[in-house]
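Engineer: Sequence:
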Amino acid sequence: MNCPKIKSKNLSDFSSKVLAAVKKIPKGKVTTYKFLAQGIGCPAAVRAVGSALNKNPALIKIPCHRVVKSNGLIGNYRLGKRKKIFLLRREGIKIVGDRIENFRKILYRFKNKY
DNA sequence: AGTAAGGCGGGCA
DNA sequence: GTGCCCGCCTTAC
Numbered sequence: 013m014n015c016p017k018i019k020s021k022n023l024s025d026f027s028s029k030v031l032a033a034v035k036k037i038p039k040g041k042v043t044t045y046k047f048l049a050q051g052i053g054c055p056a057a058v059r060a061v062g063s064a065l066n067k068n069p070a071l072i073k074i075p076c077h078r079v080v081k082s083n084g085l086i087g088n089y090r091l092g093k094r095k096k097i098f099l100l101r102r103e104g105i106k107i108v109g110d111r112i113e114n115f116r117k118i119l120y121r122f123k124n125k126y
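110 is the number that my numbering gives to position 98 of the first sequence; each next residue is one higher, with no gaps.
These are calculated hints, taken from the structure and not from any lab test.
Beta carbons are placed, not taken as given, at the ideal position from N, Cα and C, and that holds for glycine.
Wrong hints could be hidden among the right ones.
FRET-style restraints, in silico, Cβ to Cβ [what the hints assert, rightly or not]:
hint: 1; residue 1: K106; residue 2: S24; range: 28 to 36 Å
hint: 2; residue 1: K106; residue 2: A56; range: 27 to 35 Å
hint: 3; residue 1: G53; residue 2: R94; range: 26 to 34 Å
hint: 4; residue 1: K39; residue 2: L91; range: 28 to 36 Å
hint: 5; residue 1: K39; residue 2: G109; range: 32 to 40 Å
hint: 6; residue 1: S63; residue 2: D110; range: 16 to 24 Å
hint: 7; residue 1: R94; residue 2: A56; range: 26 to 34 Å
hint: 8; residue 1: A32; residue 2: R90; range: 12 to 20 Å
hint: 9; residue 1: F122; residue 2: S63; range: 29 to 37 Å
hint: 10; residue 1: A32; residue 2: V108; range: 27 to 35 Å
hint: 11; residue 1: K36; residue 2: L85; range: 19 to 27 Å
hint: 12; residue 1: L119; residue 2: R59; range: 15 to 23 Å
hint: 13; residue 1: F98; residue 2: G53; range: 31 to 39 Å
hint: 14; residue 1: E113; residue 2: D25; range: 31 to 39 Å
Given the sequences, and given the hints that come with them, work out the whole structure.
Structural biologist: Here it is in structure tokens:
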């Protein structure tokens, strides 16, 4: 595919974009795989986004736990869903079961669509 | 190089 | 609301 424009040595172009975008998510907010995909100009690559995050090279630096499903569910996480929930709660995000409360309100949307 | 699997989304029953 | 199925793009073997 040709969406990615930036080249990187260790990371694929795609991953680089994804990671860069994730870093922009403000603390206390969340975004979805879909918006993320849109944000990097590949709205159809939602799955690929997940893959990229799964191989997250800098798990700590990159707040991948702030990325959830578009239906408000937590979704999965490299270190386990449980851990993801823990991290989110620690940022003030409330979670009930597997669902985020006030999902709509704390949802972060990317400004630049491409 | 071919194939399977994955932190998903959307549509429909 | 749930569950199933198909499509999507990338990465790993």
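Engineer: All hints are to be evaluated individually against the structure, with a verdict given for each.
Structural biologist: To see whether the hints hold, each was checked on the structure:
At about 35 Å, the beta-carbon gap between K106 and S24 stays in the expected band of 28 to 36 Å. At about 31 Å, the beta-carbon gap between K106 and A56 stays in the expected band of 27 to 35 Å. Take G53 and R94: their Cβ atoms lie about 33 Å apart, and the range 26 to 34 Å holds. Between K39 and L91 the C-beta distance comes to about 19 Å, which lies outside the given range of 28 to 36 Å.
Separation of K39 from G109 is about 23 Å and departs from the stated range, judged on CB atoms against 32 to 40 Å. For S63 and D110, the hinted distance range of 16 to 24 Å is satisfied, since their beta carbons lie about 21 Å from each other. At roughly 30 Å, the beta-carbon separation of R94 and A56 lies within the given 26 to 34 Å, and the hint holds. The supplied range of 12 to 20 Å is met by A32 and R90, whose beta-carbon atoms lie about 18 Å from each other.
Checking the proposed 29 to 37 Å range against F122 and S63 shows it is violated: the Cβ atoms sit about 19 Å from each other. Checked against the hint of 27 to 35 Å, the C-beta distance between A32 and V108 comes to roughly 31 Å, which is consistent with it. A hinted range of 19 to 27 Å for the beta carbons of K36 and L85 is consistent with their spacing of about 22 Å. At roughly 20 Å, the beta-carbon separation of L119 and R59 lies within the given 15 to 23 Å, and the hint holds.
Remark: the range hint 31 to 39 Å for F98 to G53 is upheld by a beta-carbon distance near 32 Å. As the Cβ distance of E113 to D25 is approximately 36 Å, the hint placing it in 31 to 39 Å holds.
Hint compliance for this structure: hints 4, 5, 9 are broken, all remaining hints hold.
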